[in-house]
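Engineer: Residue numbers (the numbering used here), protein chains in the order written: chain A, 29 to 288; chain B, 123 to 176.
Since the hints were made in silico from the structure, they are not lab data. Check each hint, because a few of them may be wrong.
As the list claims (entries may be wrong) - Label pairs and their in silico Cβ distance ranges:
1. F139(B) / R273(A): 45 to 55 Å
2. P211(A) / W125(B): 38 to 48 Å
3. D87(A) / G157(B): 30 to 40 Å
What the hints assert, rightly or not - Sample of chain A residues with no beta-carbon within 12 Å of chain B, all distances over it, derived:
4. G64
5. G71
6. P192
7. P211
8. F215
Said to hold, decoys possible - Cβ-to-Cβ under 8 Å is the rule here; a few derived chain B residues that face chain A:
9. A128
10. A129
11. F132
12. M134
13. D135
14. F140
15. G143
16. S144
17. Y145
18. W151
19. E155
20. V156
21. R162
22. A166
23. L167
24. L170
The C-beta atom is built at its ideal place from N, Cα and C for all residues, glycine as well.
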Amino acid sequence: MDMLSSPPHPMTRTHRFYTYAAPSRFYALAGRLLPGLWLLAAGLAALGLYLAFFKAPTDATQGQAYRILFIHVPAAWLSMLLYLALAFWAAIGWAFKARMASLLARAIAPTGAGFTVIALLSGALWGQPSWGSWWVWDARLTSELILLFLYLGYLALVHAIEDPQRADPAGALLALVGVVNVPIIYFSVRWWNTLHQGASISLTAAPRMAETMLQALAVMSLACWAYAFAVIFTRARGLILERERDKAWVQALSKKGQAT
Amino acid sequence: MNWHSAADFFHMDGYGFFVWGSYGSALLWMLVEVGLARRRHSQALLQLSEEDVA
């Protein structure tokens with residue numbers, strides 16, 4: 029297909045992880061994975077929505093309004109996990125001067141911010157019919173709003189500093205400081221008396237949910253994961269080309285017209 | 123089966139606005155996000171090929 033996908037020399041097999049740390053390798057690998065990822069995301073979303081609306085029973089106390097859960101909870105999970113992923117890759121990029129890791133952190137940020145907005149918005153649309161209010165300054169809601177500001181702050185910071193050599197460490201520092209907010213969000217419903225309900229699913233106790241509801245939630249979460257990978261890889265490929273445009277491999281890519 | 127008709131499905135026992143508002147806004151954001159990410163990649167490619175010609 030192209031020169032980047034030639035079979036690896038046996039000696040390089042053990043270094044596989046590191047080879048994808050090179051933007052050129054990551055670009056090629058992400059390009060090969062993307063069609064499958066989009067397909068997976070669409071398939072899982074179709075199955076998840078089917079389970080969420082046609083298989084999961086009506087909730088005894090909340091009626092149909094509870095079906096917001098199947099988008100709200102996966103979005104909230106992703107908003108926190110993507111933040112941790114962002115901070116992790118930003119830190120790796122900072123500590124090891126790994127270009128690809130810093131680029132990945134940048135690629136994750138808009139998607140993480142998006143899931144935070146989805147969680148907040150679906151939460152407001154759930155709060156109004158069940159609590160009688162779109163918004164309350166409750167610990168869970170407030171800390172999730174702070175998460176959105178952390179994402180936006182990170183994006184504003186790395187875009188404000190033109191030189192990536194200085195922008196990426198600054199972004200990493202902000203991202204790392206913000207990590208403290210993630211356990212606060214997660215445990216807020218336990219640490220404080222919140223209007224927001226506690227976790228219905230935990231690793232230590234049986235879930236307080238019907239089996240089909242759990243299945244729908246699991247499939248919707250996987251769909252959100254597949255979507256997140258697909259859109260982040262797409263964005264990362266654009267960022268790579270922008271940042272590496274003067275590098276020989278990018279020039280070669282455009283000359284051969286194989287950069288799809 | 124939870125629903126007796128399509129109207130029943132969209133009505134969601136009176137919670138239609140809230141349920142469909144949640145899913146609709148999520149879908150809308152995802153469409154916009156995918157569009158922006160893909161455009162960013164294709165514009166980077168376009169810029170490369172233009173520099174190539176120049």
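Engineer: Classify the hint on A166(B) as holds or violated, based on whether any CB of chain A lies nearer than 8 Å to its CB.
Structural biologist: Check passed: Cβ of A166(B) comes within 4 Å of chain A, closer than 8 Å.
Engineer: Verify the CB-CB distance for F139(B) and R273(A) against the hinted window 45 to 55 Å.
Structural biologist: holds, 47 Å
Engineer: If you take the shortest Cβ to Cβ gap from L170(B) to chain A, is it below 8 Å?
Structural biologist: holds, 4 Å
Engineer: Go through the hint on V156(B) and say holds or violated, using the shortest Cβ distance to chain A against 8 Å.
Structural biologist: holds, 6 Å
Engineer: For F215(A), which was marked as not at the interface, is the minimum beta-carbon distance to chain B over 12 Å?
Structural biologist: The claim stands: F215(A) keeps its Cβ more than 12 Å from every Cβ of chain B (closest is about 25 Å).
Engineer: Given D135(B) was flagged as interface, is its beta-carbon under 8 Å from a beta-carbon of chain A?
Structural biologist: holds, 4 Å
Engineer: Hey, does G64(A) actually stay past 12 Å from chain B on C-beta?
Structural biologist: Given a closest Cβ separation of 16 Å, the condition holds.
Engineer: Just double-check G71(A) for me: nearest Cβ-Cβ distance to chain B has to come out over 12 Å.
Structural biologist: For G71(A), whose nearest Cβ neighbour in chain B is about 15 Å away, the distance exceeds 12 Å, so it holds.
Engineer: Verify the interface restraint on F132(B): the C-beta must sit less than 8 Å from at least one C-beta of chain A.
Structural biologist: Violated - the Cβ of F132(B) stays beyond 8 Å from chain A, reaching only about 11 Å at its closest.
Engineer: Can we trust that P192(A) is non-interface, i.e. its beta-carbon lies farther than 12 Å from all of chain B?
Structural biologist: The claim stands: P192(A) keeps its Cβ more than 12 Å from every Cβ of chain B (closest is about 15 Å).
Engineer: How does the Cβ-Cβ distance of P211(A) and W125(B) compare with 38 to 48 Å: does it lie in that range?
Structural biologist: holds, 40 Å
Engineer: A128(B) was flagged as interface toward chain A. Is the shortest Cβ-Cβ separation under 8 Å?
Structural biologist: Since chain A brings no Cβ nearer than about 12 Å to A128(B), farther than 8 Å, the hint is violated.
Going down the numbered hints, you'll see the structure goes against 9, 10 and 11, while the others check out.
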